[in-house]
Amino acid sequence: MTLFHSDAEFVASLKPAQRDYYLGRAAEIQQQLQDALREISRGLSAVSLLTQDFLALQSQDPEAPRRVLRAGDKEYRYATVPGSGRIRLLTGQGTEIGMWDPDRTDPWAIRYPAFTSFANSGNAAAIESQLRAVDRRRRSA
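Residue 78 in the UniProt record's numbering is what sits at position 78 of the sequence shown, and the numbering runs on without skipping anything.
In case anyone wonders, no lab produced these hints; they're calculated from the structure. There could be a bad hint or two in this list.
Under the rule of at most 25 Å between Cα atoms (straight-line distance), these lysine to any residue pairs were calculated in the SDA-like manner [stated by the list, open to error]:
| no. | residue 1 | residue 2 |
| --- | --- | --- |
| 1 | K15 | A27 |
| 2 | K74 | G92 |
| 3 | K15 | A36 |
| 4 | K74 | I110 |
| 5 | K74 | M99 |
| 6 | K74 | R25 |
| 7 | K74 | A124 |
| 8 | K74 | L44 |
| 9 | K74 | S129 |
| 10 | K15 | A26 |
| 11 | K15 | Q30 |
| 12 | K15 | F4 |
| 13 | K74 | Q30 |
| 14 | K15 | L37 |
| 15 | K74 | A26 |
| 16 | K74 | R137 |
| 17 | K74 | E28 |
| 18 | K74 | R136 |
| 19 | K74 | I29 |
| 20 | K15 | R25 |
| 21 | K74 | W108 |
| 22 | K74 | N120 |
| 23 | K74 | D106 |
| 24 | K15 | H5 |
| 25 | K74 | S117 |
| 26 | K74 | Q130 |
| 27 | K74 | A27 |
| 28 | K74 | K15 |
| 29 | K15 | D35 |
Derived DEER-like restraints, expressed as beta-carbon distance ranges [stated by the list, open to error]:
| no. | residue 1 | residue 2 | range |
| --- | --- | --- | --- |
| 30 | P82 | N120 | 25 to 33 Å |
| 31 | Q18 | S84 | 48 to 56 Å |
| 32 | R138 | E28 | 48 to 56 Å |
| 33 | D73 | S45 | 37 to 45 Å |
| 34 | A141 | T51 | 47 to 55 Å |
| 35 | T95 | V47 | 24 to 32 Å |
| 36 | S121 | E28 | 56 to 64 Å |
Just so you know, these numbers come straight off a predicted model, no measurement behind them. Glycine included, every Cβ here is placed at the ideal spot set by N, Cα and C.
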């Protein structure tokens, strides 16, 4: 039995018919792996879209209590995200600002485009304080 130190040595040792079969089979396996990766990516994209749809529908639920925070002359809405511990913050008009996660060092887990203007508005510290109070009430319930 011959010991091979590389794939190239192994392929070079094969007869032409064996080499064609081996390389063809290796190409088939590589294609199957690429197809599987593509299917997994599609599945993860679908799961991500479903999650986003769920979050959007949850915030539009007319039966949900109106949850409002105020800082300065601005009004902000929030919604808790079940199972995640996060709180979703929106402007009074419904524009998403971000996802607040009290268990993180930087509590703003997700920052949407409106976050920059929110942070510059001078209301961020007051809203964060109110979000901490909301989180304490939620955890004690």
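Going through the hints against the structure:
1. A threshold of 25 Å between alpha carbons decides the hint, and for K15 with A27 the separation of about 18 Å falls inside it, so the pair holds.
2. In summary, the hint linking K74 to G92 is supported, as the alpha carbons are separated by about 8 Å, within the 25 Å threshold.
3. A C-alpha spacing of about 31 Å is found between K15 and A36, which places the hinted pair above 25 Å, so the restraint is violated.
4. Straight-line distance between C-alpha atoms of K74 and I110 comes to about 21 Å, which keeps the hinted pair within the 25 Å bound.
5. For the hint linking K74 to M99, the alpha-carbon distance of about 18 Å falls within 25 Å, and the restraint holds.
6. With a CA separation close to 65 Å, the supplied pair K74 and R25 exceeds the 25 Å bound.
7. This hinted pair checks out: K74 and A124 have alpha carbons roughly 11 Å apart, not beyond 25 Å.
8. For the given pair, K74 sits about 37 Å from L44 by alpha-carbon distance, which is inconsistent with the 25 Å threshold.
9. As the CA atoms of K74 and S129 are separated by approximately 15 Å, the hinted pair is consistent with the 25 Å bound.
10. Taken as a hint, the K15 and A26 pair is honoured in the structure, with Cα atoms around 16 Å apart against an allowance of 25 Å.
11. A hinted pair counts as satisfied when its Cα atoms are at most 25 Å apart, and K15 with Q30 qualifies at roughly 22 Å.
12. Distance hint between K15 and F4 is fulfilled; the C-alpha atoms sit about 15 Å from each other, no more than 25 Å.
13. For the proposed pair K74 and Q30, the alpha carbon gap of about 57 Å is over 25 Å, so the pair is violated.
14. At roughly 33 Å between alpha-carbon atoms, K15 and L37 are farther apart than 25 Å, so this suggested pair is violated.
15. Distance check on the hinted pair: K74 and A26 sit about 63 Å apart at the alpha-carbon level, beyond 25 Å; violated.
16. This hinted pair checks out: K74 and R137 have alpha carbons roughly 23 Å apart, not beyond 25 Å.
17. As the CA atoms of K74 and E28 are separated by approximately 60 Å, the hinted pair breaks the 25 Å bound.
18. Distance hint between K74 and R136 is fulfilled; the C-alpha atoms sit about 23 Å from each other, no more than 25 Å.
19. At most 25 Å may separate the alpha-carbon atoms for a hinted pair to count; K74 and I29 exceed this at roughly 59 Å.
20. Note on K15 and R25: the hinted pairing holds, with a Cα-Cα distance of about 15 Å set against a maximum of 25 Å.
21. Note on K74 and W108: the hinted pairing holds, with a Cα-Cα distance of about 19 Å set against a maximum of 25 Å.
22. For the given pair, K74 sits about 13 Å from N120 by alpha-carbon distance, which is consistent with the 25 Å threshold.
23. At most 25 Å may separate the alpha-carbon atoms for a hinted pair to count; K74 and D106 meet this at roughly 23 Å.
24. Our distance criterion of 25 Å between C-alpha atoms is met by K15 and H5, whose separation comes to about 18 Å.
25. Note on K74 and S117: the hinted pairing holds, with a Cα-Cα distance of about 12 Å set against a maximum of 25 Å.
26. With a C-alpha separation of about 14 Å, the suggested pair K74 and Q130 falls inside the 25 Å cut-off, and the hint holds.
27. Distance hint between K74 and A27 is unfulfilled; the C-alpha atoms sit about 61 Å from each other, more than 25 Å.
28. About 78 Å separates the Cα atoms of K74 and K15, which puts this hinted pair outside 25 Å; it is violated.
29. Taking the CA atoms of K15 and D35, the gap is near 30 Å; set against the 25 Å cutoff, the hint is violated.
30. In this structure the hint that P82 and N120 lie 25 to 33 Å apart at CB holds, the actual value being about 31 Å.
31. Between Q18 and S84 the C-beta distance comes to about 55 Å, which sits within the given range of 48 to 56 Å.
32. For the pair R138 and E28, the supplied restraint of 48 to 56 Å holds, since their beta-carbon distance comes to about 54 Å.
33. Under the hint 37 to 45 Å, the C-beta atoms of D73 and S45, about 41 Å apart, fit the expected range.
34. Separated by about 24 Å at the C-beta atoms, A141 and T51 break the suggested range of 47 to 55 Å.
35. For T95 and V47, the Cβ-Cβ distance of about 25 Å falls inside the hinted range of 24 to 32 Å, so the restraint holds.
36. The hinted range of 56 to 64 Å is satisfied by S121 and E28, whose Cβ atoms lie roughly 58 Å apart.
In this structure, the earlier hints numbered 3, 6, 8, 13, 14, 15, 17, 19, 27, 28, 29 and 34 are contradicted, and the remaining ones agree with it.
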